[in-house]
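Use these hints to put chain B onto chain A, whose structure you have.
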Amino acid sequence: MEIVFIAAAIILGSGALATGIGFALLGGKLLESTARQPELAAQLQTKTFIMAGLLDAVPMIGVGIAMYLIFVVAG
Amino acid sequence: MATTRTRFIALPLVRWLIVEFSLLMILSVLWLLESRLAFYSAFIGGLIFLVPNTYFVHRVFRYQGARKTHLIVSSLFRAESIKLALTAVFFAAVFILMEPVHVPALLITFAVMVVMGAFLRVLVHPRPRR
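Protein chains in written order, with our numbering: chain A, 1 to 75; chain B, 1001 to 1130.
Looking at chain A on its own, in the form it has when it is part of the complex (with noise of 0.2 Å):
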């Protein structure tokens, strides 16, 4: 039983660090080109919004899963 736990624990903990390691690069790459050429912020928001949704679309599967893990397999 308890190795359900830690699984999901290892699910949302690698999810949520992934997550913030491709955050960081992606606002990190928005403040430079948009301090590059402030024209262009508006696309360049949208850009970041779409990569956005690239990014995080499989830590929220993971999230889902890990939920699944504690809330059903386990529960």
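Hint data in this document are derived by calculation from the structure and do not stem from the laboratory.
Honestly, I wouldn't trust all of these hints.
[Unchecked claim] Interface residues of chain A toward chain B, partial, derived using beta-carbon atoms under 10 Å:
(1) Leu26
(2) Gly27
(3) Leu31
Where is the CB? At the ideal position from N, CA and C, for every residue including glycine.
Just chain B now, with coordinates in the frame of chain A:
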């Protein structure tokens, strides 16, 4: 001295919601072929994706313009963490409170919405207006 006009962008929240909600309805109706339980489980799975993401889109497009980029980035980080937390809370609530639930329909619809949603965001083009 020349006056500079600020460019505003129409919030693409409504357009994004229409696109995502259409996808959710198509997926839910497909699950109706399985059973009514699968239909509403799929619909709930889609809503678990849709509600936190609506908040995310609202927060990301709250600030616009090159002068407010630092606010956009901080808003992006905050929105993402709240979105992940909300998703976890909604899943927990569904698994605890909803009985019975068709788990494959719930999880597969959620996963398809997440993957397709990332690509459907390309359809959201904010229209610049003066």
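Hint check results:
For Leu26(A), the interface hint holds, since its Cβ comes within 10 Å of a Cβ in chain B; the closest pair sits about 8 Å apart. The closest approach between the C-beta of Gly27(A) and any C-beta of chain B is roughly 4 Å, which is under the 10 Å cut-off, so the hint is satisfied. Taking 10 Å as the C-beta cut-off, the interface hint given for Leu31(A) holds, the closest approach to chain B being about 6 Å.
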